[in-house]
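Trainee: Sequence:
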Amino acid sequence: VSILISCSIYLFFIKKEEFIGTTFSYFIGALSISLLLPILFSDLSLGTSLRIICILLLIYTTIHIDKRHVLQRFLQIAYLLAAISIILFFLTYIWGFNVVSPLFPYLLPSYSEGMLYSYTSPVYNFVFLHSDRNCGPFGEPGQFQCMLTVALYFSLFHSRLIAKNRQKKYIAILTIALLTTLSTSGYIAFIFIIGCYLLHPQNYKNKKIKRYFLTGLCGVILFLTVTPLGHNFIEKAVYDKIFNTEKHNIDFTQGTGGARTKSITEVIELIEKEPFSLAGLGYDRMKSLNLEGCAGILSLLIAIGIFPFSILFGFSFWCIYHKSQSKWDILIRILLIINMGLGQPNIMNPALFFMVFYSYLCLKSNSVPLKKQTIQESEIKETNEIYLSNN
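Each residue of the sequence shown is one higher than the one before, starting from 1 at the first, in my numbering.
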């Protein structure tokens, strides 16, 4: 609530002339009005609607406050969180939680179904259920991988706004952190990023960074295929989610993969039986119907209804198409949204929508094409002033 109030004061009072009348303000208004219908006629809570609006306003406010440096700050934060998470993950992975137990009295405990679930800090969550996976500052690794893959996307596809020496560090640390999440969604997203980046037009890429990236990728493959820790990663992130307990046949009905498959199937069956469910049921009603919520994009569709859902993602995809470097830039962002939406229960991750709206809110429509530019560390500020608008 405090975040929503702060963003509203900034946009509707302090920066009223710059915000009111923009396309984004009309989008927020239309989405807010459309969310009133399921609130009035279904079990959708006001809190869920406010949370969606709050995330979007927070992203707009964050970008608007300092467009020139917001990307660098996002990447620096992601890099620091990834580096800290790698250190703490390997400490607990090798020596167990006892090595960090002196910190627990100073951290915030969280509970699930009456049981201690984790100890939370602003930079890392010690989650007992996922003791062999890197959750970063989130409650589960699937949300952490979203932030990491978005940061990797920016490190590769917006490399001309990043110093080359920093770009190498970002790619290395983010990739290592992503591997330690043991997130199937994260690994799939990583494959998407690799494929689209290699197909991305050559004039958008730096050849040295491309070689560095491919060399690192070979190192990752070697690590996964040779080391015992790599075998353990593959076992838990791939085999256990695809094959049945006997490891003989492919089976998507077991484990987390089975839960996601069941979630998708249940939502499709519900729409077939009750088409009016597309008007929005609310999360409480979905829980009473025992609907699995593992596929976040479908759960959001049933919860808020097709009208606000169409406004949210229709405008998101329009922003992606309106400001993009190439068809591969468009494709990778859409694939990351779909992958997150079908693989995780919560699709409203701020990092994901930061990726969606960054180019639209920052890049000038009449700016010089990025493919005609090169950048060195000393030129970052000057280049940002050329490309990033202040409106």
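Quick caveat, the hints were computed from the structure, so don't treat them as lab data.
There could be a bad hint or two in this list.
Distance windows between CB atoms, simulated [to be verified]:
1. Ser112 - Ile3: 34 to 42 Å
2. Asn165 - Gly195: 21 to 29 Å
3. Ser101 - Gln76: 27 to 35 Å
4. Glu274 - Leu222: 22 to 30 Å
5. Ile338 - Lys208: 30 to 38 Å
6. Ser310 - Glu18: 25 to 33 Å
7. Lys164 - Pro228: 44 to 52 Å
8. Glu18 - Phe90: 27 to 35 Å
Straight-line Cα separation of at most 35 Å, DSBU-like style, residue types lysine-lysine; simulated pairs [what the hints assert, rightly or not]:
9. Lys164 - Lys67
10. Lys323 - Lys16
11. Lys208 - Lys16
Yeah, the Cβ is synthetic: ideal placement off N, Cα and C, and Gly gets one too.
Trainee: All hints, please: hold or fail.
Mentor: Against the structure, the hints:
Serine 112 and isoleucine 3 have their C-beta atoms about 24 Å apart, which leaves the hinted 34 to 42 Å range violated. Roughly 26 Å separates the CB atoms of asparagine 165 and glycine 195, a value that falls within the hinted 21 to 29 Å. For serine 101 paired with glutamine 76, a C-beta distance near 30 Å keeps the hint of 27 to 35 Å intact. At roughly 51 Å, the beta-carbon separation of glutamate 274 and leucine 222 lies outside the given 22 to 30 Å, and the hint is violated.
Judged by the Cβ atoms, the range 30 to 38 Å given for isoleucine 338 and lysine 208 holds: they are separated by roughly 32 Å. For serine 310 and glutamate 18, the Cβ-Cβ distance of about 27 Å falls inside the hinted range of 25 to 33 Å, so the restraint holds. Between lysine 164 and proline 228 the beta carbon distance is about 35 Å. The supplied range of 44 to 52 Å is therefore violated. Against the hinted window of 27 to 35 Å, the Cβ-Cβ separation of glutamate 18 and phenylalanine 90 comes to about 46 Å, which falls outside the hint.
Restraint check for lysine 164 and lysine 67: satisfied, since their Cα atoms lie roughly 20 Å apart, inside the 35 Å limit. The hinted pair formed by lysine 323 and lysine 16 meets the criterion: a straight-line CA distance of about 25 Å does not exceed 35 Å. As the CA atoms of lysine 208 and lysine 16 are separated by approximately 45 Å, the hinted pair breaks the 35 Å bound.
Against the hints set out earlier in the document, violations occur for numbers 1, 4, 7, 8, 11.
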